[in-house]
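Residue numbers (this note's numbering), protein chains in the order written: chain A, -9 to 483; chain B, 671 to 813; chain C, 562 to 682.
Treat the hints with care, since some could be wrong.
[Said to hold, decoys possible] When the alpha-carbon atoms are kept at most 25 Å apart in a straight line, the in silico SDA-like pairs for lysine to any residue are as follows: (1) B/K798 x A/R15; (2) B/K798 x A/W59; (3) C/K613 x A/A193; (4) C/K627 x B/F701; (5) B/K798 x C/R658; (6) C/K627 x A/W59; (7) B/K798 x C/A647; (8) B/K798 x C/L639; (9) C/K592 x B/F803; (10) C/K613 x C/R676; (11) C/K613 x C/Y568; (12) C/K592 x B/G805.
If you're looking for bench data, these hints aren't it; they were derived computationally from the structure.
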Amino acid sequence: MTLAHLPALEVVVPLLAAPLAVLLRRSSLAWAIATAACAFSFAVALLLASEVSAHGPISYHLGSWPPPWGIEYRVDALSAFVLVLVSGIGTLTALYAWRSIAAELPRDQIYLYYALHCLCVAGLLGMTITGDAFNLFVFMEIASLSSYVLIALGRDRRALVAAYQYLILGTIGATFYVIGVGLLYLSTGTLNMDDLAARLPQAASPRAVLAALAFITVGVSLKLALFPLHLWLPNAYAYAPSAVTAFLAATATKVSVYVLLRFYFGIFGLELVAESLPMREILLVLSLVAIVTASLVALWQADLKRLFAYSSVAQIGYITLGISMASRDGLTAAVVHLFNHGVTKGALFLLVGGIALRAGSAGLECARGLGRTMPLTSLGIVIAGLSLIGVPGTAGFVSKWYLVLGAIEAGRWWLVAFVVATSLIAVAYVWRFVEAAYLSAPGGRTPEPGETPATMLVPAWILVAACVGFGLQTSWTVGGAQRAAALLLGGAP
Amino acid sequence: MRRQMVLRVVGKLFIPYMLLFALYVQFHGDFGPGGGFQAGVIAAAAIIFYALIFGLPAARRLAPDAVVEAMVALGVLLYAGVGVAGMVLGGNYLDYFVLDRDPVAGQHRGIFWVEAGVGTTVTGVMLKIFYMFAGRGRGLEER
Amino acid sequence: MSVLGHYSYWITVILMVAGLYIVIARGNLIKKLIGLSIFQTSVYLLYIAPGKLIGGTAPIVADGFKLYSNPLPHVLILTAIVVGVATLALGLAIVVRIREAYGAIEEDEILAADRDRGAGA
């Protein structure tokens, strides 16, 4: 009986944990509740993923109202994949926050952090699991509002300005999305995603549908920080508390990518997206510009958090590059990179958080000589950095490999050269850390920073191990991504 | 504004009726326009009105911060709890049909408790927002 | 007829563009938030106006009424209004904190303050 309710429990448990954490007020109890709720969601996500791969998509009717009247939760190969990523990262960052947030926030505010963390996890999980376009907006706002507050919790006053900018741009993005959904509702009279996909071809006004496509593309692109719309991201990541940066970098933009995939392939359909508007060409150009510009900007950053934030913009470019190919290999690359990059960036930001804790800031000058004083942290950053570059044997290589396969399949050899060449820029910016940590003398800082505390190091190293593990053992990630790609290209989801 | 006799008297006359009207809107929501959102805002407006006339400290004694914060959390718990109750009684999440032997009565019961949760949270949130902004401005002036 | 007959769409478009313009063109953080609110309000109208049927009543079953307005847009927009209120409250709260930290709510002054400090450090 409980097995049938797993899709609802996936979202409801973290949602319930948030008010409980507020009621309990004690920071240790709030931490325990938040961690337990996230871990429960992670377990449920794994169960759902195995269920989906064995028996196909699961549909859950909220309030027993059948779709298209009621809200439907729908778990398929793609959403199960994203659920595992979000809940897994949510659990690890909650574990990590025990020490990290205690150092960064006043004691009497800590329980609020855990409440917001649970809300944000619930919002992102809800965005992924729901089969209703308007319900997605509601979850999007739950996730966004809590992430604005989480960013504003940063100690630096610039965190406030970053949170404000993200609030303005994020709200514009969400409102654009809701305008698009409104236009779809006006032309079809339904909000259920499957129903929308079935009814759109008969829509009375194709122009309204195209306008909806444009609004949704721009709105979701703001949320996923596609190149010219990425301006909120570097500051938000740089000034938020470390645990928040790691969580948002690994999940928030990825869920938005998921929404884009769902709308492009599950609702509008490839014919409409590719033929009525030059969406694929636009995405391709923006992705290429994003990869080159953001990687180059990352080279000049003096702060590790900002460096990796710009690198995130570039890596999102690789994901959208895969989407723009709209082929089986391209989409596999996009989905698998969504997962692998989430794991890699999560690891990197968790480790950088350790440096920020011990050395006082995440500036590159603080990283001097860390190879000796914080060996495990530095080694972790190097391994995750290799995955970011895409060195064989790491997770990043797997996704780039499929990207290259997709490019070859499309006969675009210059794209292959492009992917390899831009990986070299990633080598350069990861090298800046290596140079500082291993080849420079310690900056003469007193006292010498010690190793990152174990409660922070363990979650980070789990992700580092995952970077290597998913690089060597690719059957789960690539298998899941291939099923997701087949699902996306197979017409109706 | 504590010395304004007219305001005080009018306020004292109005506030009970505002609260009563909030309850009416809350419980009549089943049959006519109304419900937890509107009722919550009206109830919060009554207390904010009280705060404007008798001062923030008086309002904070009437509805202390801890109570307001608990209201925010309890309302959400109540709402989600109704959903879980549906699950426990053999339906799906937020299934009201199973809350009573008669499905229509079950719908009534479900909506009643959900709206109670919404009303509690909305009152709490409105008061919390008001306290936060009003309290902060005061601190700055004193500096 | 068709131009004037669609007046609710015209109002929606005007509000939408005016709101976005304020967000982009104004440097004052509070004014930006007001623009954002106007922008969100236009969406409420976009949803609700088409749901109204001329002559339709509130969708509550009663004798003597056959024509009902579509209740779904109202329910959706009730949620969107709550989201809008939450966004505005959060935005204003952040502006209050920015004012406390910087002593300014003009965007250029805030950016200048951070630049100066960055250069001085």
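**Index of numbered hints that the structure contradicts, given in increasing order** = 2 and 10
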